[in-house]
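Asks: With the hints as extra help, turn the sequences into a complete structure.
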Amino acid sequence: MKLLLVAAALLALAAARPQARDGEAYIDEYSADNDGLGTYAFGFKTSNGIIRQENAILKNAGTEDEELEIRGTITWVDVDGKENSIVFVANKDGYQPQVSP
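Numbering-wise, the sequence shown is residues -16 to -1, 1 to 85 according to mature numbering (1 follows the signal peptide of the UniProt record, and there is no 0).
No lab work stands behind these hints: they were computed from the structure. It is possible that part of the hints are untrue.
Said to hold, decoys possible - List time: in silico DSS-like cross-link candidates among lysine-lysine, alpha-carbon distance up to 30 Å: (1) LYS29 x LYS43; (2) LYS29 x LYS76; (3) LYS76 x LYS43; (4) LYS66 x LYS43.
Claimed, not checked - Quick list of the computed label-pair ranges, beta carbon to beta carbon: (5) ASP49 x TYR10: 40 to 50 Å; (6) ALA16 x TRP60: 13 to 23 Å; (7) THR59 x THR23: 15 to 25 Å; (8) GLU48 x SER15: 30 to 40 Å; (9) ASN68 x GLY46: 32 to 42 Å; (10) LYS76 x ILE11: 25 to 35 Å; (11) GLY46 x TYR10: 21 to 31 Å; (12) GLU8 x GLY46: 45 to 55 Å; (13) ASP6 x ILE54: 22 to 32 Å; (14) GLU8 x GLU53: 28 to 38 Å.
Where a beta carbon is used, it is the ideal one built from N, C-alpha and C, also for glycine.
Replies: Shown next, in the form of structure tokens:
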């Protein structure tokens, strides 16, 4: 019986331990490149599993139809441990996200 109580107490202590908070996350990886002419790429990965990638391409540069097209992804793990992501395009037609549970 004492062994069962000790095991239950240890289990309760383990479950009550502080959990990592998003506010304490830090950047593990970061990259950025910008040509100064409208084309760029950047990305980062954080210690709590957030991954962000984005790149932009200047289309039809110097013409009346010049347009910046941005593509990217954002991935994170929710509180239930499930991975979620958003893949998006932003261009002359607006912001177009696609959410994946």
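Asks: A separate judgement is required for each hint: does it hold in the structure or not?
Replies: Results of checking the hints against the structure:
no.	hint	verdict
1	LYS29 x LYS43	holds (28 Å)
2	LYS29 x LYS76	holds (29 Å)
3	LYS76 x LYS43	holds (11 Å)
4	LYS66 x LYS43	violated (36 Å)
5	ASP49 x TYR10: 40 to 50 Å	holds (42 Å)
6	ALA16 x TRP60: 13 to 23 Å	holds (20 Å)
7	THR59 x THR23: 15 to 25 Å	holds (23 Å)
8	GLU48 x SER15: 30 to 40 Å	holds (33 Å)
9	ASN68 x GLY46: 32 to 42 Å	holds (39 Å)
10	LYS76 x ILE11: 25 to 35 Å	holds (32 Å)
11	GLY46 x TYR10: 21 to 31 Å	violated (41 Å)
12	GLU8 x GLY46: 45 to 55 Å	holds (46 Å)
13	ASP6 x ILE54: 22 to 32 Å	holds (25 Å)
14	GLU8 x GLU53: 28 to 38 Å	holds (35 Å)
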